[in-house]
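Protein sequence lines correspond, in order, to chains A and B.
At position 179 of the first sequence the residue is numbered 179 (the numbering used here), and the sequence of numbers has no breaks.
At position 267 of the second sequence the residue is numbered 267 (the numbering used here), and the sequence of numbers has no breaks.
What the hints contain is simulated information worked out from the structure, not anything from laboratory work.
Since we're looking at a predicted model, the values are computed, not measured.
One or more hints might be untrue.
Stated by the list, open to error - Label-pair ranges, simulated between beta-carbon atoms:
id, chain 1, residue 1, chain 2, residue 2, range
1, A, ALA77, B, ASP284, 51 to 57 Å
2, A, VAL281, B, GLN308, 40 to 46 Å
3, A, TRP81, B, ASN276, 52 to 58 Å
4, A, ALA77, B, GLU70, 31 to 37 Å
5, A, ALA158, B, VAL65, 44 to 50 Å
6, B, THR326, A, VAL300, 44 to 50 Å
7, B, ASP109, A, LEU282, 51 to 57 Å
Stated by the list, open to error - Taking beta-carbon pairs under 7 Å as the criterion, some of the chain A residues facing chain B (in silico):
id, residue
8, ALA6
9, SER8
10, VAL10
11, GLY12
12, ALA221
13, LEU254
14, GLN259
15, PRO267
For glycine and all other residues, C-beta sits at the position ideal for the given N, C-alpha and C.
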Amino acid sequence: MIAAFARSLVAGCVVSGTPLLYATLAEVIGERAGVVNLGLEGVMLMGAVVGFVTTVQTGSAAAGVLAAALAGAAFNALFAWLVVDRRANQLATGLALLFCGVGLSALIGAPYIGRPITGLAELTVPGLASIPVLGPALFVHDALVYAALPVAVATWWALFSTRWGLAVRAVGENPVAAFAAGRSPRAVQYQALVLAGLLAGIAGAHLSIGVAKTWAEWMTAGRGFIAVALVVFARWQPLRAIAGAFLFGGAISLQLQLQARGVPISPFVLDMLPYVLSLAVLAAGGGMGRHAAPGSLGRVFQGQR
Amino acid sequence: MNARAIVATLVSALLVGPGVAPAQPKLIVGILHVGSITDAGYNQAHADGIQAMKRNLPEVEVIEVENVPEGADAERVMESMIKRGARLIIPASFGYLEPALRVAQRYPDVKFAHPGGYKRAPNLTTYWASTPEGFYLLGLAAGKVTRTNKIGYVVALPISFFLANINAFELGARSVNPKAETRVVFTGTFLDPAKEATAATALLDQGVDVLGVIVDSPITVVQTAEKRGAYSVGYHYLGAQKFAPNGWISGIAFTWGNLYTRFARQVMDGSFKSENILGSLGDDLLAIAPFGPAVPAEAARLVDAKRQEFTGGRAHPFQGPLKDNTGLERVKAGEVFPLTDLGKMNWLVEGVVGQPR
Chain A
1 MIAAFARSLV AGCVVSGTPL LYATLAEVIG ERAGVVNLGL EGVMLMGAVV GFVTTVQTGS
61 AAAGVLAAAL AGAAFNALFA WLVVDRRANQ LATGLALLFC GVGLSALIGA PYIGRPITGL
121 AELTVPGLAS IPVLGPALFV HDALVYAALP VAVATWWALF STRWGLAVRA VGENPVAAFA
181 AGRSPRAVQY QALVLAGLLA GIAGAHLSIG VAKTWAEWMT AGRGFIAVAL VVFARWQPLR
241 AIAGAFLFGG AISLQLQLQA RGVPISPFVL DMLPYVLSLA VLAAGGGMGR HAAPGSLGRV
301 FQGQR
Chain B
1 MNARAIVATL VSALLVGPGV APAQPKLIVG ILHVGSITDA GYNQAHADGI QAMKRNLPEV
61 EVIEVENVPE GADAERVMES MIKRGARLII PASFGYLEPA LRVAQRYPDV KFAHPGGYKR
121 APNLTTYWAS TPEGFYLLGL AAGKVTRTNK IGYVVALPIS FFLANINAFE LGARSVNPKA
181 ETRVVFTGTF LDPAKEATAA TALLDQGVDV LGVIVDSPIT VVQTAEKRGA YSVGYHYLGA
241 QKFAPNGWIS GIAFTWGNLY TRFARQVMDG SFKSENILGS LGDDLLAIAP FGPAVPAEAA
301 RLVDAKRQEF TGGRAHPFQG PLKDNTGLER VKAGEVFPLT DLGKMNWLVE GVVGQPR
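Put together the whole structure using the sequences plus the hints.
Shown next, in the form of C-alpha cells:
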C-alpha cells in the first residue's frame with residue numbers, strides 16, 4: 001500500500017513538474033539575457049494550442065511538439081521585437097502578451113475542443129522500469145519527461161560553459177559593457193528569447209498533448225506565473241530550476257494523492273500546500289548568498305545595437 | 001428629446017433609409033457562457049438548449065457569447081446585448097448571478113433567466129434541475145459494475161450541491177453493493193485539465209475502477225479512465241460517452257431546450273413571470289444518458305425501476321437513517337433530507353472517503 005502510494009506520488013510529481021521545468025528554463029534563459037517575460041503563460045498557451053491542433057491534424061504527437069516549439073519561438077520573437085527593437089516596457093508588454101496569447105489560443109483552439117487524440121506515447125525504459133516502486137514511477141513516461149533533465153543540464157552548460165552563454169549573461173548584467181566588448185545586445189537578446197519561446201512552447205505542448213491530452217482555454221491555469229516565481233527560487237540557475245519545478249510538482253501531486261488516499265485534512269489546506277511549501281523554502285533560503293538576479297534585468301538598453 | 005438624441009435619431013433614420021423597416025426578429029435572446037460551448041460539459045448543455053430553442057422558434061434571433069468572465073465583464077456583455085435589442089438574457093453560469101441582478105435592476109423591461117435556483121428578482125427567473133436522484137441512479141449502476149468496490153470522483157470544489165450529488169451517488173452504489181466506497185479528490189478549480197488528469201491517475205492508482213467527474217468539462221477524466229481500462233460516469237452533457245466507448249457506464253445531463261423555448265415564448269406573448277423552477281428526472285430538464293456496454297442488463301433494470309420510484313414520489317435519495325462519514329447521525333430514521341435544502345448539505349455520507357471542508 002505504501003509502495004503503491006510512493007509510486008503514484010513520484011509519478012505524479014514527475015508529470016506535474018515537467019511542464020514547470022521547461023517553462024522555468026525558458027524564463028531563466030530570457031532573464032539571464034536581461035529580459036523578464038511575464039507573458040510566459042501566453043507563450044505556453046500558444047504552444048499548447050498549436051501543438052494540440054497539429055497533433056489532431058497530422059495524427060503525430062511528435063509533429064505537435066515541433067509545431068508547439070516553433071509557435072512558442074515565433075510568439076516570443078514578437079515579444080523580443082517589442083521589448084528589444086521597440087524598447088517597450090518589459091512588464092507591461094509581457095502582461096499584454098499574456099492576454100494576447102490567452103485570446104489568440106482560445107480562438108485557434110475553439111474548433112478543436114473535445115477532439116480526441118492519442119497524444120504522446122508512454123515509453124517504458126527496458127530494465128529500469130522493473131526496479132521496484134521507483135521503476136514504474138520514473139521510467140514509464142512520455143519522451144518530453146525523459147528529455148526534461150537533459151534539457152536542463154544543456155541549458156546550464158550553454159549558459160555557463162559556452163561563449164554564447166557568456167554573452168547572454170554579460171548582456172543581462174550590463175549590456176553597455178557587452179556592447180563595448182563587441183557583442184550585439186540586440187542579437188543576443190533575440191537569440192535568448194527565441195530559445196526561451198521554444199522551451200515555453202514545449203512546456204505548453206506537454207500539458208495539452210502529454211498530460212491532459214485535450215485542449216481547453218487557459219489550460220495552463222497559472223503555471224506560467226509559477227514558473228516566473230520559480231526562476232527567483234532557482235536563483236536564475238538551470239540546475240536549481242530542476243529542484244524547484246519538481247518540488248512544486250511534487251507538492252501538487254502530494255495533495256491529490258493524500259486526498260485519493262482519504263487522509264483527513266481539509267482539501268482547502270491541501271490546495272495551499274504547494275504555495276505554503278514554496279514560501280517555506282523561500283524563507284529558509286532567503287538570506288543565503290548574494291543576490292542572484294542579473295544586473296540589468298528588466299531595464300531597456302538604450303545604447304546602439 | 002435632447003440634441004444628442006435628435007442627432008442619433010436622424011443618423012439612424014439616414015442609415016436605415018426612409019420608409020424601409022428592417023425585418024425585425026420577433027425576439028432577440030442573449031446567452032452568456034462561462035466557458036467554451038464545445039466542452040462536452042456544462043457549457044455545451046446550455047448551448048444545445050439554445051440550439052433546440054432556435055429549432056423550435058426560427059423567428060427568434062440569438063446573440064451567444066462564450067468565455068465571459070464572471071464579474072464586471074459579464075455586466076458589460078449583458079448591457080451590450082440589451083443595446084443590440086435582446087429582451088431575454090440567459091446568463092448561463094452560477095457566478096453571473098450578482099452581475100445579472102444588477103443589470104436586471106437597471107433594465108426592468110428585459111427578462112432574465114439564471115441557472116442555479118438561488119436568487120430571484122421581479123424580472124429574473126431562477127431555474128435548475130435537481131440532480132441527486134440522477135446521481136443515485138448512476139451510483140446504482142456503478143455499484144453493480146465495479147469489481148474493486150472503489151469508485152473515484154474528481155470534483156472541482158466541496159460546495160454543498162456537489163457534496164449532495166456525491167452522497168446520492170454513494171447511497172445508490174451502496175443500495176446494491178454494501179462494500180462500495182466513493183473516494184473524492186477536489187481539484188480546487190473548474191478547469192485545469194492537467195490537474196484533473198493527475199487527480200484521476202491518483203485515484204486509479206488507489207484501486208478505483210470507476211471514475212466520476214464534476215468539473216466544467218468531463219473530457220480529461222473520462223479519457224483517462226478509458227485509457228486505463230476503467231469505467232466512467234458523466235455529468236452535464238449527453239455526448240460525453242464518445243470519449244469512453246468501452247468504459248462508459250452512464251451519465252446525467254441537462255436538457256434545457258424545452259425550458260428555453262418556453263422562456264422565449266413567454267417573453268414574446270408577455271406572460272413571463274419570475275419563477276423558481278426546479279426540474280427533476282420526472283420532467284424534461286434532466287436526462288439519463290444511454291448505458292454503455294459495461295452495464296449488465298440487471299443493473300439497467302434496477303436503474304429503471306428506481307427511476308420509476310423517484311418520479312412517482314415513492315422513493316427519496318436521502319432517506320434516513322443517514323450517518324456522515326465521521327459517524328454523526330445526520331438524518332433520523334423515517335425522515336428525509338429535503339431536496340430544497342441541498343444548500344445546507346455540508347457533510348459527506350458514510351462510505352465516502354473525503355473531506356467536506
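Okay, the hints, checked on the actual structure:
1. A:ALA77 - B:ASP284: 51 to 57 Å: Cβ of ALA77 of chain A to Cβ of ASP284 of chain B: about 53 Å, so the range 51 to 57 Å holds.
2. A:VAL281 - B:GLN308: 40 to 46 Å: violated (58 Å)
3. A:TRP81 - B:ASN276: 52 to 58 Å: holds (56 Å)
4. A:ALA77 - B:GLU70: 31 to 37 Å: holds (34 Å)
5. A:ALA158 - B:VAL65: 44 to 50 Å: Once the Cβ atoms are compared, 46 Å apart, the range 44 to 50 Å for VAL65 of chain B and ALA158 of chain A holds.
6. B:THR326 - A:VAL300: 44 to 50 Å: violated (59 Å)
7. B:ASP109 - A:LEU282: 51 to 57 Å: holds (55 Å)
8. ALA6: violated (10 Å)
9. SER8: Since chain B brings a Cβ to about 4 Å from SER8 of chain A, closer than 7 Å, the hint holds.
10. VAL10: Given a least distance of 11 Å, the restraint on VAL10 of chain A is violated.
11. GLY12: At 5 Å from the nearest chain B Cβ, GLY12 of chain A passes the 7 Å test, so the hint holds.
12. ALA221: Cβ of ALA221 of chain A sits 4 Å from chain B, so the hint holds.
13. LEU254: violated (10 Å)
14. GLN259: holds (4 Å)
15. PRO267: holds (4 Å)
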